[in-house]
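K.L.:
Here's the letter readout for the chains.
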Amino acid sequence: MAAKSISRPHQAFRNWAFRRTVETGTVVLNQRRVYILPSRQGLMFAVVLVVMLLGDINYNLSLGYVLTFLLAMMALLSLLYAFRNLAHLQIHAGHVAPVFAGESARFVFHFDNPSALARYQIHLHDDAGHRTVFDLAAQSATPVHLDIPATRRGWLDSDRLTIYSEFPLGMFHAWTYIHFDVLALVYPRPAPTQPLPLSVSPDGSGKLSASGDDDFAGLRNYVAGDALPRIAWKALAREQGLQVKQFSTPMGQDLWLDWAAIGEQGMEAKLEVLTRWVLDADAQGMRYGLRLPDGELAPQNSTAHKAECLRRLALYGLIKA
Amino acid sequence: MDKSLIYSLILSILLVLAPHMEHLPLWVSIMCTALLAWRTLLNYRALPLPPRWLLLLITLVGVAVIGKSYHTLFGREVGVTLLMMLATLKLLELRSSRDAMAIIYLSCFIIITNFFYSQSIPTALLMLLSLIVIVASWLRIQAPNIRLRSQLRLASIMLIQSVPLMLVLFVLFPRVQGPLWGMPQDAYNSSGLSDEMSPGSLSKLSLSEAVAFRVTYATSAPARDQMYWRGPVLWQYDGRTWTRGTAGYQYAPQFTEASVPFEYSVVLEPHNKRWLYALDMPATLPANTRLNTDFQLLNNAPVNARMRYQMSSTLRYHANAEETPAQLQRGLQLPPRLNPRTLALAQMWRVQQSDPAELVKNALRYFNQEKFSYTLEPPLLGRDGVDEFLFDTRQGFCEHYASAFVYLMRAAGVPSRVVTGYQGGEFNAFGNYYIVRQSDAHAWAEVWIAGLGWVRVDPTAAIAPERVERNLASALKDNTALSFMARNPPAWLSKLRLNIDALSNSWNMWVLGYDPERQFALLTRLGMEDVSWQRMARNLMLGLAVILAVLAALMFRHLFKRDPDRVHAAWLRLCKRMTKVGLPRAAHEGALDYAQRVGSLRPALASELQDIAQRYVQLRYGVVPGDKQSVQAFIRSVARFKARKAR
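Going down the list, the protein sequences come from chains A and B. The first sequence begins at 1 in this note's numbering and counts up one residue at a time. The second sequence begins at 1 in this note's numbering and counts up one residue at a time.
The reader is advised that the hints may include incorrect statements.
Computed list of lysine to any residue pairs in SDA-like fashion (alpha-carbon distance at most 25 Å, straight line) [said to hold, decoys possible]:
(1) B/K576 - A/G285
(2) B/K576 - A/E239
(3) B/K576 - A/P149
Where chain B lies over chain A, by a calculated footprint (3+ residues, C-beta under 8 Å) [to be verified]:
(4) 53 to 65
(5) 76 to 82
(6) 143 to 156
(7) 260 to 271
(8) 296 to 302
Among the chain A residues that face chain B by a calculated CB cut under 10 Å, a handful are [unchecked claim]:
(9) L37
(10) Q41
(11) L43
(12) T68
(13) A72
(14) H92
(15) S115
(16) T132
(17) D135
Derived from the structure by calculation, the hints contain no laboratory data. From a predicted model like this one, the values you see are computed outputs, not experimental measurements. Don't be surprised by glycine CBs; every beta carbon is placed ideally from N, CA and C.
Just chain B, same shape as in the assembly (with noise of 0.2 Å):
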């Protein structure tokens, strides 16, 4: 095999390789690396190949430490690490241009399972780079012959020409919603908010850059303080974790609109949760989805790719005026035996107030006025810890605030519950929209007052008001554990974020969220009046065949475009002369040696001729390219030369 093809290769499979090194254990990443640099040095030494049984073993000890290491040999991550091992073992057993096609299409392969992962802008820059050697390796493979240069020429514009039909494709090739078969669990990413609450959980995430989702209003916007966007709502405490219990049956929410609703679309990262995020409280619903009793905006599958919906909310309401005796009993539940001291405290407001907006004053103003601080590192707690929180450490982040005061109410009858949720969110004016990040994740409290019904308390806003005003590193006074971009990054670095924020917003609505929905919303918009897989499959032939008549012309004309050397040319027209005299030139016959016998069979034009062949082949194989002067005179001696017929 050609050693310059094993090299090409062994850089398509790195390529390839190098953006899952981010998501997969080290070893796998350190295997594959040594088995590649293993190669690169067989071949750079013009070593044999290992024997099969090594490389047998080598997939056997492979196979059995990734069934160790993940514990299963099915799903998705398994399935990546055995399709990077089985290219990188490939490469050490490469024998015939079969092998090498194997490795071709094993290389595409790993690229398009990258995608689970990222299907950014870069991974897409990325696919073109790899593209350009992966096919750069594939013409090496059928021509080992061919130059570097016009190796990687052909490979970019072959590349180059097929993006106008890639793109026809694109766009015409009738969708289908995914998926067709059942997925492996671990088949989508899921990250942000759960449906559980314990001391860390939430500030943890808020160390997270990831866009949650995005928002575009349609008209105004409402006040920063006001975007309180609805996840879990958490009933069940066991004295460390909320988590959302079981309601004794379902039934639909009321509320009551008191304000002109916002109407606005959200862009949703997936996070293979059924929930949808909304802000306080829906009052319009998307298609397919609906709300649960505790105002919790559901899909009806899992949302694993990202999702568009647009909705409207009202920012004034009274939630559930009635409520349920049973639910109401549910908002006072107490882990039995805890936090002695809170209980106290509680009670001791309970006899002097029975109002619960009163009491939640109450609790606000000791959150104000005692040494309360706002922080992303608070100290671990203990058994009691509601206790711990309150009256000792007294630093905490939003799950501490929200769960102590939720703590507080019920344990002074107020009947009252803990969202989560996200709250504010960076406003983009690049793209005049909303991002609302991982780090924007938040805990607050509803408490039940009859007549109101559910009122949203947020007792961070009563410890730090700039986290719900502005963002959460104005709120913080140590914000070191943040990321360098969640601080207080120069102007000109949020801005470049902020464009590319919105390029990557437009990427994902136009490219990554190109569905069966949006296909017929922008064929429609084109003018295509009954969007149907046969009208569709006609405009996609007529388009390809348009553009592949247009490439053809492009690719023909090259090989009408004969000889454009004046030199050459004048040459022809000579021998054609001679030939019209009885003297052709054979087709083997170099100019020179056409002279030499020309010369001896007419001595009258052996000088002549001899000189002109002499320039002729100076002027076209010399080391010195002629000049314009010596190429004239040529010309012009060419003209001169009279060929005689023989007497």
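Just chain A, with the same shape it has in the complex (with noise of 0.2 Å):
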């Protein structure tokens, strides 16, 4: 479905009509919750129905009259079916996986749905417009994913979401706003292949070298972030799936990623840098610590080493959300 953005007065309005709360644990859709209003095709079903009950009249059609009254009386109790399609679902949000600043962010909102019925074709969508539709079991509870694009490092926030069924006839527009406190943790972009701050080389020249490089040391999956020159394009040919050359580096020697070693650049681009190297440096197994202006992590090679690394720098300079 096309993505629609909701003009300036309707969101003003909306804001001013309907209350903004964050909430937090299970939010149960009550008949306080959902707003239910005809739909555009049940305005039109409207027109139709008053051209069939003119007709109706004037050519003295009492089978007609019937119809007419069988199939508005219809739409309107697709009203109700329309309340019940959404009423008494329970939601509450799930775990987001951080990702970095150009991809999106997967929200997961569990909707349970403890009743005997089956509800249908269901709407989740932001403002701006980025949307999933989703059935829901009898008494089954599905995890629906909601994808938004993470633009910049730091909290995302899901926003006011909104969740909206036409079901049965499309006569009616059943909605309700919702917004959870739940944040996405969005990693700074990494910069382009960088090489590593390897610290002083064996030779003593002082300069950064081209890392360790060349002692080829093995294949592991393909995390999203790593450098196109690392992915191993012979074994995608072989089929066997998108890998990432590993190499080592002597160990035992710490790796010190630092925010003053790099060199006149903008804030945001020192970071993606950083990013780049926590990523590689992760990469080939070193050990490695981060050094910036606000306090420093000690070297460490872990995966929960490298998350908070990365969350150090998603957040760094920033208020917390």
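Two chains, two frames, a set of hints: combine them into the complex.
P.N.:
Next comes the structure, spelled out in structure tokens:
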């Protein structure tokens, strides 16, 4: 479906008319939360019904009255059905995996349908028009993913989301707003391949060498942010999937990824370079530490360490959201 | 677009088109069926839709052919044909859900157009069937993933729930008497008698078993051979066709009653003419009607909807005992230079007799004693038709006898005229009323006798008295031309037919005949003191609200119907206990994964919990449903399970 964004006065009205609170825990959709109005298709159908009714009156078609009234009442009933399609759903937000800027954050919402009724065609979208459509089986919990592009590092808020449904006849638009306190952590976009700031090389020349790229150690699975030149294209050609070449560096040597070691560049650019370094150093199995103007992390090599480094980089200089 | 959605849309269109195929030209049905078959094939093979220009070409050719075969692009039949073509072609350019919705709307319109032709009970049933398919397609447009069973179930439930709401609207929605605007000339069916009579016109009509009108007598019914329902009176003869001619001036007819009137009510099927049928002679007239000079009952407007009227008639009377000379002169008109033999015969009688009553007897005796026969399929007659009939062929239907009789009378100098209408009727004991069908169409004569006025003479009764006393089938020697039901059907079948007719009679009165008048009567009887728009609207809203509340209660009941599964309930109890000891199950965690995780955290619980989890999965998701004992055992195991806090 095409992305639809909302005009500014409309947005202002919605902000005024519907409370904007951030919610935690499980939200239950009840009659106070679900709004219903006729849809455009419903108004169109009303016109069709009026034309039919005029025909019935003009030509004295008693069965025509029966048909017209049946259709009209069914459309009216679909109001109750439209509400029922959303009613009593229990929703809570799930964990969002961190992403790099430029990727999409995958927000997860768990829709629990404890009732004996299946729900159909529920739309979940944000104000920018990113959307997903799903059905819910009776007595089931379904994780629903909503991908929202992450453009900048830091915390990405899912913002207020709209849940709506026009099932069963499309005559009524039943919707609710929901804003969970769920944030996605967005790491800085990794800079293009950068040589690692290897500390003083064994020959004592003091310049940064192009890292221990020569010592090929093996292959490992690709993770987002890996440098293109490191991808094992031959392995890909052998249909072994996307893999990355790993190189070993002498163990026991700590690598400091230092903010200060990067030349004259903007803050964001520096963070991007550091992010690249963290990824590369981790990929090479090095012990590395991160030194930022507001503190440092001691050298280590572990998944948790990498995550912590990236987190620091993501949030550097930002007031906690 | 979803394949099954397209199939169900094709089926919807097919269902709404089917009843139209009976009355539209064959080529329209063939074209629509061919287009639908083409669409089905495209769908089956998953082939691409035809290009726009091809559809445009088909449309243009279709419109051209319609224009050529109907000679117009307006009117009812043309409208219906265009609508059908539009719907089938729309299926061939089905690209979005908006197109699909257009097809839904078009199908509803096509159903309505079918009501121009028929509003019978079977039509209503077919409408319901079509609606289920249409609503099911509608649901699939909205929810492409819905299962066929749920789709049909929901469509039927929604329809059934709408019925009580519809009934409230049907009864209480303020009715307005149409028409609101002018209508194309062919908007109504015209069937039944016309105001002309030529050889073959009545015998053709008498093959039709369609109902002309139904009669309910207030107390008792007159004898069958007295039931003459008067229609158009014909004066003018051109040697082949009888027409009404033109009266010099209109004046109110005069008659004196000579017996107690019969009271009755008539429900007349629409025939798009102004005249109403009444027993000879009408004593009291319904509102908005009048008698013309010929004693024919006329409505103020053409009858284009089923109409009910109440009246009374006197069977013995003197009608226009004083008649103007101009009218008497009209009653002697004959086409010049035709039928010399008939003229000679009449002149001969005239010489012997001058008393009109005796002359009538002469003529009836002639019909009775010569070898005349009563048949639906008489030989064709030439220029001197009456001569040929009276002296050569001597085979004819009521129009031949009435025509020849009046000719003889006029030639003999007795003022006379032809009366067309219906004679007799079939008694329906199930509804206690008489059915008068088109096959009861009849023609007779009236002669004017000084002092008595216009006297009815039915020459057919002289040849085939059974026609008047019983029915057409018993009067005909060879009745194979009649429809099966008009001949002598088995008793059970005619009983069934009468039952069905009684049902459709009530249908006509209460459903189809529900007009402003009947609505007023019903609402008054239901205790609404003043039947006003405001009052009706208030009751309407109230009725709808009450029914909606009941329906809502029924619908939302399912929302609160929680897990009836005892196995699952026991498992949830266990999880709750585990949460208390600080080992909650994560929402994403399956039973087995959970048991695994807890087992690794608390080896002491591992085996017992894993056993329970396995049994839970077996009972809940296993291919074979768990029997009662294993369910009981599972619940006991859960009860015995002790969750211990970590030390």
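K.L.:
Which of the numbered hints above does this structure break?
P.N.:
As far as the earlier hints go, 1, 2, 3, 6, 7, 8, 9, 11, 16 are violated by this structure, in ascending order.
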